[in-house]
Amino acid sequence: MDLILSALADALSLTTFLSVAIGVLIGIVIGAIPGLNAPMAIAVAIPLTFTMAPLAAIGMLVGVMKGGGFGGAIGAILLNTPGEPHSAATTLDGHPLAKSGKPRKALQTALYSSVVGDSCSDLVLILLAPTLAIFALKAGPVELAAILIISLTLIASLSGRSLPKGIFAASLGAFLATVGVDPETASPRFTFGFIELFDGLPLAAVAIGVLAVPEIIMRLQEGKSYRRQKVEEVSTKHSDDRITFSEFRGLKKPIFRGAGIGTAIGALPGLGTTLAAFLSYAATKRFSKEPEKLGSGALEGIAATESANSAVSGANLIPLLTLGIPGNLTAALLVGAFLIHGVTPGPLIFERDAQLIYGLFAAMIMANLLVLIIGSFGLRVFALIVKVPPYVVYPIVLLLCVVGIYVSQGGFFAVWLMLGFAVLGYLMARLEISVVCFIIGLVLGPMIELSIRQSVVLLSRNPAAIFDHVFALVLVAATPVVAWILIRDRARLSDG
Amino acid sequence: MNILKTMVAAAAAVVMAAPVYADYPEKPVTLIVGFRAGGGSDTAARILATEMEAALGQKVIVENKGGAGGAVATEYVRHQATDGYTIGFAVATTFAFTPLTGNVAYTPQDVDFVATTHGYRTVYAAPKDAPYDDWAGMLATAKDRGWLNYASIIPLDRAIIQYVGRKEEIAVNIVPTRGGAGARQAVLGGHVDVGFSGSNALPMHEDGALKVVAALNPGGIAEHPSIPALADLYGVAANEAAVFFGPKGMDPEARATLEAALAEAVKSEAFVDFVNNKFRGFETFLGGEATAASIAADAETYKDLLAAIEE
Chain A
1 MDLILSALAD
11 ALSLTTFLSV
21 AIGVLIGIVI
31 GAIPGLNAPM
41 AIAVAIPLTF
51 TMAPLAAIGM
61 LVGVMKGGGF
71 GGAIGAILLN
81 TPGEPHSAAT
91 TLDGHPLAKS
101 GKPRKALQTA
111 LYSSVVGDSC
121 SDLVLILLAP
131 TLAIFALKAG
141 PVELAAILII
151 SLTLIASLSG
161 RSLPKGIFAA
171 SLGAFLATVG
181 VDPETASPRF
191 TFGFIELFDG
201 LPLAAVAIGV
211 LAVPEIIMRL
221 QEGKSYRRQK
231 VEEVSTKHSD
241 DRITFSEFRG
251 LKKPIFRGAG
261 IGTAIGALPG
271 LGTTLAAFLS
281 YAATKRFSKE
291 PEKLGSGALE
301 GIAATESANS
311 AVSGANLIPL
321 LTLGIPGNLT
331 AALLVGAFLI
341 HGVTPGPLIF
351 ERDAQLIYGL
361 FAAMIMANLL
371 VLIIGSFGLR
381 VFALIVKVPP
391 YVVYPIVLLL
401 CVVGIYVSQG
411 GFFAVWLMLG
421 FAVLGYLMAR
431 LEISVVCFII
441 GLVLGPMIEL
451 SIRQSVVLLS
461 RNPAAIFDHV
471 FALVLVAATP
481 VVAWILIRDR
491 ARLSDG
Chain B
1 MNILKTMVAA
11 AAAVVMAAPV
21 YADYPEKPVT
31 LIVGFRAGGG
41 SDTAARILAT
51 EMEAALGQKV
61 IVENKGGAGG
71 AVATEYVRHQ
81 ATDGYTIGFA
91 VATTFAFTPL
101 TGNVAYTPQD
111 VDFVATTHGY
121 RTVYAAPKDA
131 PYDDWAGMLA
141 TAKDRGWLNY
151 ASIIPLDRAI
161 IQYVGRKEEI
171 AVNIVPTRGG
181 AGARQAVLGG
191 HVDVGFSGSN
201 ALPMHEDGAL
211 KVVAALNPGG
221 IAEHPSIPAL
231 ADLYGVAANE
241 AAVFFGPKGM
251 DPEARATLEA
261 ALAEAVKSEA
271 FVDFVNNKFR
281 GFETFLGGEA
291 TAASIAADAE
301 TYKDLLAAIE
311 E
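Keeping their order, the protein sequence lines are chains A and B.
Heads up, the first sequence is in the numbering used here, so the first residue is 1 and it goes up one at a time.
Heads up, the second sequence is in the numbering used here, so the first residue is 1 and it goes up one at a time.
Don't read these hints as lab results, they were simulated from the structure.
Incorrect hints may have been included.
[Claimed, not checked] Derived lysine-lysine pairs resembling BS3-like cross-links, with alpha carbons at most 27 Å apart:
(1) Lys138/A <-> Lys248/B
(2) Lys252/A <-> Lys99/A
(3) Lys128/B <-> Lys138/A
(4) Lys128/B <-> Lys167/B
(5) Lys248/B <-> Lys27/B
(6) Lys138/A <-> Lys387/A
Note that the coordinates shown come from a computational prediction; the quantities given were computed from them, not determined experimentally.
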């Protein structure tokens with residue numbers, strides 16, 4: 001108890017508070033800038049923390065992570081320029097709502113859902129981390145493969161109006177995800193001699209290229225006519241451009257469902273934010289009373305994705321702290337910070353570094369409150385972006401995308417790649433082929449490939465061992481049933 | 001047109017003739033780190049960069065160009081100017097092993113080595129619930145059953161376990177994993193019998209979260225003498241170390257200055273503490289020539305290793 005109190009005192013010291021606050025601010029600003037994203041923000045902040053005290057340093061990075069999570073929603077909602085694949089899910093409803101003259105309402109929904117989702121998963125982390133980590137470890141390659149296959153089936157309901165086009169887009173994404181060295185033989189696949197492609201296509205460059213740049217081009221094509229209309233809309237509807245308490249209370253189902261999905265996926269290393277965001281969105285669409293409204297600016301859609309996104313970040317620390325396994329890129333960067341400060345993640349972390357860990361927990365709660373406060377002020381400022389003429393905003397956004405990718409991916413190769421994928425994204429948008437399905441294929445493709453190939457190797461000499469994986473077998477058996485239900489309900493679920 | 005050509009040639013002659021390196025360094029030096037920001041390799045490089053600034057009297061700017069185990073940075077650095085203002089940081093196997101895979105365009109002869117600053121220790125780790133506690137026990141269990149499930153991270157560790165499998169006549173199921181995290185997950189969850197790991201398995205071994213059964217670095221684990229080194233058992237090893245290098249034909253004076261700065265930097269308190277207590281690698285320092293010799297020797301050993309498993 002003394003320990004927890006002194007940890008609290010550490011967390012509430014001015015240095016820690018300021019570090020966390022600065023971290024949150026850096027995260028929100030960098031996350032909000034199109035072309036940049038949360039992992040980039042952390043990579044920028046890490047060298048700053050080298051000389052800081054451990055709690056202040058790690059608190060700051062956690063602040064960046066949480067701030068970046070919400071910041072990512074800002075660009076996605078206001079400009080339709082997501083900086084990370086999972087933010088593509090936020091654009092589905094966030095951008096239509098902002099476009100219809102309610103940018104603040106969209107941002108508020110994102111902020112509040114994000115903070116609630118994050119707080120829920122932090123609570124789970126604080127109360128259950130060691131137990132949950134042991135349970136999560138039981139999920140090996142066979143279980144992960146089964147989870148991914150059924151998840152992909154569920155997400156397939158987002159394929160838009162045309163199922164064949166959706167399947168085509170997802171297959172194209174999965175195909176491009178095979179670029180890089182083969183995980184088993186280490187021989188290069190489709191790298192065409194470019195050593196930069198050995199580790200696969202740089203996801204940030206592809207995501208920004210295919211999602212954000214085509215939007216920039218199309219907005220610029222609209223020219224000046226778009227602007228005048230836009231400003232009038234914003235000014236006349238300003239009064240109802242905020243979320244009411246009863247509206248927010250009505251969102252509790254999608255928010256808590258998102259928090260649950262995000263926490264579960266975050267606790268299982270190797271699945272990631274994109275899966276959580278789209279799974280939560282698909283589930284909300286399935287259970288919504290008005291599924292046809294999702295995709296045209298429904299608050300439910302924003303709440304579902306943002307709570308799930310943010311819940312992943314807290315839960316990701318469960319395998320990180322207790323097992324030393326980072327669940328995603330952001331968490332991997334945190335491992336580096338732990339290393340610098342001599343903290344060894346592992347089952348004994350709660351004994352050896354107890355004061356630091358409880359201090360970190362307090363700092364996480366503090367970071368959530370700071371995201372809420374700084375975010376509330378920030379979104380008023382950011383919401384003004386929609387009043388700026390697109391021919392002023394979008395060229396700047398394009399420049400930021402180029403600079404961001406150049407800096408974070410280390411060179412022009414990634415910039416050319418981004419521009420190449422922008423052409424692909426533009427063509428897909430014109431042909432009404434779902435870019436979202438493409439991104440899902442690209443992100444989940446390698447995970448499914450790796451887990452299936454791992455399962456095959458593991459079971460190769462002892463195929464009967466498959467019957468030890470009851471959970472996986474149940475999921476695989478359920479997959480065709482789920483697919484059948486989704487196809488049956490397709491008419492009701494498809495938008496428009 | 002002719003005048004222009006003459007002018008260009010004259011300008012080039014002046015530039016080449018001028019003793020520009022007289023008081024190297026007269027501007028900031030860029031250090032291209034071949035790994036992403038935030039990992040153990042990057043951290044070591046950043047500590048050394050800070051320490052080098054004191055010796056050089058100039059800023060050392062760290063830039064990360066991660067990818068393909070240091071190969072992306074190597075390709076970049078070897079095409080830069082040879083004036084000593086752009087140098088790289090990668091690991092020994094980037095030069096000694098990666099070129100043998102036939103997937104990259106460079107060889108160890110295509111760069112000039114500046115120094116080796118510290119060594120990496122790598123191990124095989126088994127789940128804590130495994131029915132064996134040491135290497136011999138693991139082999140006995142595997143022989144009894146007929147196969148061994150192994151989590152691999154990089155082509156070199158894969159080649160080494162294949163070699164061991166041949167020597168011990170055990171069929172090895174090599175499960176590919178992505179990065180250290182995937183292999184760690186497979187080991188801790190008990191999904192494999194043994195997996196490759198960096199030195200971050202050592203504190204977990206001491207905590208009883210997993211069992212380190214063998215060391216792949218030639219010197220073994222000094223603080224755990226009971227853990228055997230594969231070098232002693234089979235004569236194979238992963239000789240991994242941090243290597244500073246520059247483009248081929250680098251100005252000799254600049255290279256000597258950088259080597260001297262690094263020789264000082266590795267003695268700093270911050271770096272020694274990092275290597276021993278946080279990174280848990282080992283202290284070692286080699287100058288440029290010794291690094292080249294060590295890498296050439298490693299390359300020969302790896303060639304034999306690859307030939308042996310392909311027989």
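Which hint numbers doesn't this structure obey? Those not satisfied are hints 1, 6.
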